[in-house]
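**Q** What follows is the residue order along each chain.
Number of protein chains: 2
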Amino acid sequence: MARFYSVIPAGGIGSRLWPLSRASAPKFLHDLTGSGQTLLQDTWDRLEPLSGSDRIVVVTGVAHKTAVVEQCADLSKSNLFLEPSPKDSTAAIALAAAILMKREPDVIIGSFAADHVITDNKEFSDSVKEAVAVAATGKIVTIGIEPTEPSVGFGYIKAGEKMDLDFAKHARHVDKFVEKPDIERARKYVNSGKYLWNAGMFIAPAALLLQVLSETEPELHGKITELAAAWGTAAEHQAFEIIWPSLKKIAIDYSVAEPAAAQGLVAVVPAKFGWHDVGDFAAIAELQSGGKRNHLAVLGEVQVLADKSNGILISETGRLVALIGLEDVIVVDTADALLVTTKAHAQRVKNLVDSLKSTGHSDVL
Amino acid sequence: MARFYSVIPAGGIGSRLWPLSRASAPKFLHDLTGSGQTLLQDTWDRLEPLSGSDRIVVVTGVAHKTAVVEQCADLSKSNLFLEPSPKDSTAAIALAAAILMKREPDVIIGSFAADHVITDNKEFSDSVKEAVAVAATGKIVTIGIEPTEPSVGFGYIKAGEKMDLDFAKHARHVDKFVEKPDIERARKYVNSGKYLWNAGMFIAPAALLLQVLSETEPELHGKITELAAAWGTAAEHQAFEIIWPSLKKIAIDYSVAEPAAAQGLVAVVPAKFGWHDVGDFAAIAELQSGGKRNHLAVLGEVQVLADKSNGILISETGRLVALIGLEDVIVVDTADALLVTTKAHAQRVKNLVDSLKSTGHSDVL
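Residue numbers (my numbering), protein chains in the order written: chain A, 115 to 479; chain B, 115 to 479.
Do not take every clue at face value.
Since the list can't tell identical chains apart, any single copy or any two copies may satisfy a pair.
[Said to hold, decoys possible] Taking lysine-lysine pairs in the BS3-like style, the calculated list, with each CA pair at most 30 Å apart, reads: (1) LYS236 <-> LYS422; (2) LYS302 <-> LYS290; (3) LYS294 <-> LYS422; (4) LYS406 <-> LYS457; (5) LYS191 <-> LYS308; (6) LYS471 <-> LYS422.
Hint data in this document are derived by calculation from the structure and do not stem from the laboratory.
Only chain A is shown next, with the shape it has when bound in the complex (with noise of 0.2 Å):
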């Protein structure tokens, strides 16, 4: 464990998640546990154990730096990088990976979202451990989660045979990774037994995961080695300045994970702890009411008369709010904006995020 360092990419608006998450106020900023801190908080607790806190690197876009400075008060602002604009997780986890190898040529870093919900610190540590065990033999490393329903919101893992690893018990190799399924294929995956849903947690030798990338987008590992070798120098801000607009956006997982699949470098450690991506507000209706029926989950500070209504209120305003005979009922009460829909509709609120994009209401986004 040494050799690890914990990366966490904090960006992602968080679309679905409109109007509690907007572009000045993405997810990840947010309590959506009611655990009292927000959602990258909660990313750093589990993780400072691991790496320490001084071997934490978030990765932000500007905009975010006062808000990520503030909630993570043992960030050293030297592992605080900042991105000018948003290009997507390779350009985000790759410059990490180039900054850290100039530091530590032999670093295992670990990407974690800031924006998911996991339960059972516990088991996440063991998982990631021997994560990092098996990237220690040259691997790249992913968690998949035991999915306990066949959800068509997640890509799958398709896990091979056991590594038999003496120091890593559960570690399978990864045949490959499918893209988010239908839901006739997803059941067809949850019964085989043999499918993880991919949380998108990547443990790797810096060194392997640039090497894989040099391979499959020479021209963005070329601009990233770049970037990281100007970091912290003079050329650092000329060489943002110039270099980043110019990065292609893409993610990890078509950059580096997928084609190292291919190549048999990947390997899996199915997690035995809770883990959510809460994407909708579906989801923290879900997470919240902790399988009870006919529960209302509560977010804020708010006073709430509820009659015969179930399903979530998260608000802001600190207004009173009446609910009456609502059945999965979604409210949303910010400052300036108010969205009422149902569990059942919980996606559609990306396609009315869009439609704000596209009919000029940018200022409630």
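For this one, chain A is given, so just place chain B on it according to the hints.
**A** Here is chain B on its own, set in the frame of chain A:
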């Protein structure tokens, strides 16, 4: 019509219209039709051609003096009767009758609620004129609404024989008034063709109305007489301070209309106009949608993004409101309170207000 005086009792909060309607801003001070003016102003505009603006009296609570004066620009100062506290309809109407009788002993008053919606002002006007003509023969005349459905929300009037008057072709004797029925009874009433909705409109010589009251509620009648005698004199202030708080709260239906009907003193003019008491948000939604299905009615200056939603949205905050996949929804968005319910539960808003009262939330009532 020269004997005619319009009286508008402007009282009643309209609990089922919370949080729009409040003690400080009751139903009659709102635009619930999208006409661009309040229900009180609509009422004024209907009556002004009948009695002239100098013969319209408004009886309202002291708390609403400013709003009423503002909204009724032509209301003469001497025609604004202020109630120190709400004492139900008998006190309001009898006080107006007694004061107006002091001015003109043979005055005929017509009492019309400030918060009902009437379509077809011409038809309304014709009905009132006929009612005044019948009242002049020594009757208390009500205007009965032809029921369009077996409503359980209104009281009914059982009409008797035609009066056979040359100048009042539609007027009938009234057999009796009946309370709000259950649905089975309501269906029988409607199918019989003999029952009309009681819309609470009474047209009568002030002297006759007060004479009936003197028989049924002699104490209340005595106190009202005292108050009217003091009205406009140096004794007014003290009389209201001492006597008003002790007035019996009783609806004019019980104190005058029903006993008078039993004496054969009541007539009814069946109405040929559209009428609604817009008692709850479902009624407003119906009114606004004008029978169109899948219609989302919107009241207030609000930006709405509605995706497969119907019902009613009333907003006073100017916030963006997004509704997705909601059937028959009711959303009422005010500065300090938000209500979300459905048409089917519109009546339960009253219970909610009751529970707000009992839990000390008078700040939002």
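**Q** Decide, hint by hint, whether the structure agrees.
**A** Results for each hint:
| no. | hint | verdict |
| --- | --- | --- |
| 1 | LYS236 <-> LYS422 | neither (38 Å within a copy, 45 Å between copies) |
| 2 | LYS302 <-> LYS290 | within (16 Å within a copy, 72 Å between copies) |
| 3 | LYS294 <-> LYS422 | between (36 Å within a copy, 27 Å between copies) |
| 4 | LYS406 <-> LYS457 | both (15 Å within a copy, 27 Å between copies) |
| 5 | LYS191 <-> LYS308 | neither (42 Å within a copy, 85 Å between copies) |
| 6 | LYS471 <-> LYS422 | between (35 Å within a copy, 19 Å between copies) |
Hints 1 and 5, counting from the list given before, are not met by this structure.
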